[in-house]
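Model the full structure from these sequences, guided by the hints.
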Amino acid sequence: MVIKTEPFVLNFGPQHPSTHGVFRMRVTLDGEVVVNIEPMFGYLHRGIEKLVEGRTYHQIIPVTDRLDYTASMSNNLAYVMAVEKLAGITVPERAQYIRVIMAELQRIAAHQLAVGAFTNDCGCFFTPFLYMWREREKIVDLFDMVSGQRLTYNYMRLGGVSHDVPQRFLDALAIFVKKMPEYIDEYDRLLAENEILLARSKGVGILSKELAVNASVSGPVLRASGVKWDLRRADPYLVYDRFDFEIPTGTVGDCYDRYRVRIEEMRQSVRIIKQALEHLPEGPVKSDLPAVIYPPEGEAYGHIESPKGELGFYLVSRGGVSPYRMHIRPPTLINLTALRDMIIGWKVADAIVIFGSIDICLGEVDR
Amino acid sequence: MTQPLNTKEVATKLSQKVPGSVVQPAGEAVLVDKAHILGVATYLKEAPEFDFDFLADITGADYYDYFEVVYHLTSFNKNHRLIVKTRISERGNPTLDSVTGLWRGADFQEREIYDLMGIAFQGHPNLKRIFLWEGFVGYPLRKEYL
Amino acid sequence: MAVEKEVYSSDKLDEAEGAAIEALRTASQKVIGDPDQWLGELPAGNIFLTTLDIALDWARRSSLWPVAAFPACCAMEFMSTSASRFDISRFGMEVIRPSPRQADLMITAGTLTWKMAPQIKRIYDQMAEPRWVIAMGACGVSGGTFAQSYSVVPGYNHIVPVDVYIPGCPPRPEALLYGIQMLQKKIAKERNLSGSKKE
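Chains as they are written, first to last, in numbering that gives the first Met the number 0: chain A, 0 to 366; chain B, 0 to 145; chain C, 0 to 198.
Worth flagging that the hints you see were computed from the coordinates, not collected in a lab.
Incorrect hints may have been included.
Unchecked claim - With a cut-off of at most 25 Å between alpha-carbon atoms, the simulated SDA-like pairs for lysine to any residue come out as follows:
| id | chain 1 | residue 1 | chain 2 | residue 2 |
| --- | --- | --- | --- | --- |
| 1 | A | Lys273 | A | Thr248 |
| 2 | B | Lys84 | A | Tyr323 |
| 3 | B | Lys127 | A | Lys273 |
Given below as structure tokens:
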């Protein structure tokens, strides 16, 4: 006997324990199978692009911290690089190495949060999350030593970084770099062959290579689908061309591949930090710039490989103290373009896992 | 290293293949007439010497006399990039063709430009406000707002 | 798999939501007063807290359960506080309930936008009394660095009455714990059964 069914609309509201922030989806379900989703954003839209038109270039740096608040150093870095391109400012060598160290430390911290939240969504309520948070607290302590802040560092400056790193930071970093590979192996040992994780994420939410490129997806999600594109290799910025590291890619493009890519990227980041620490040169850490700069008329687009993808800042200057127009290219918003194709056809519980594997951060989606 | 293409050569090729489209090459960008944007985009995506399969960014800016929409294109296989710009002079009801048919990644970005600047994209599958709510009066990123 | 028929009209739903947001925005231009009638009560000698009051207050303040409504960056510091290093479990608060019916504390960790405001109001209304609100972070207190924006509510006290304000951007976990302890002191002074009504 065939039971007559009707599609049913469910609201994954802005307040939800696994939506990683205030993200809303209207999900049309046929039984348990997802038939259509309509993502809705804007619950954290703070109008940053309009707000910065009234601030000087230096004053915008703290505002960029609050975009992707899980990886503040990367946001700062992308912004100051865009302004330096616009105004033609050079950065001393030591500052470039310090920036690389901070960016890679931030990548490890952001991936720990991403993988922790992803395994949270898969059902292991907080255990791997707390394991990874333990190391994230160590990284946050390192950042506290240099910038005085735990979350929104405001450490990069136009033409360098704000202060030189103290000696105890370098000592602590040396110990961290020695111990971190063991911790990553610990996470891998707990999770990689775990039956439940495999059952919930292998083969789930497959994103094909063609769709990933066409939908402008970037970051670990793109690399998990098999496209070997990383801005640190393809368009090297800072001193990345001097370091030796690999770019992990996946094969299938399912949630398990995204998890694997992130774990491998953590290992490669530790490798880069080790090399940067060995070759750290002496010298100044900041170019001498006045408090208010007037970049010449023109525009610039500066982009970096942030932990979530290609983070870009498009700046237009008309010679004034503040930018005429600033646009932020949010990697997570654009990664969500492929969300519909990834979720339709799966069950409700899989929808959460797939959404968690993309790893979004609402501060950046909504700006 | 991602190479920026020489915009003068690109401009010459474009004016041969899609006649009447190019207005001028400007620095690192090629300025294109807004009526031909879809033809130019299709040619840039499909021609083998360009092969721009990745749309990195679409932005709009308000320059008082005109709106300018900027497309940043990248090619993964050839590792080169290009900036394409187009200008819209009507302030009352600006419209432009959507490139969502070519690059799916344009979807949310065009909705954002519509929401914050008021430029309507024709051919977009779901042109609605994305960040602000229905019933919000005005377009915040226009210079006359606030 | 395509949808054969349109199950709901998303345009109508969006318009209804937009109308609710605009209505709330016009209604919330003034700040709601802080619930501070406990300040007027004279200390120690003249409050007659019955033993039952003391017991109830002790029970309520020692197991405040927060509701999981975390818009933005301060949520990261809240997560740090609930993780093993700073541990709000020693205050009885590790039970973060997604459902507002089972919670009695709302820690507002993030910037509030007008689009999100009706949802926060709904969550607050759904919480069962007694309930308290801590405004965490500069954005919760006054809109923070985004106060001049066109879409940000300048402080949670336009929408819900706030008991404790914690400044900082974001406040360190130690600051959040201090704010929670201040709230606990406030709860210790409440009279529950002797007729004074708490909003």
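Structure-based check of each hint:
1. Lys273/A / Thr248/A: holds, 22 Å
2. Lys84/B / Tyr323/A: holds, 17 Å
3. Lys127/B / Lys273/A: Distance ~48 Å between Lys127/B and Lys273/A Cα, so the pair is violated.
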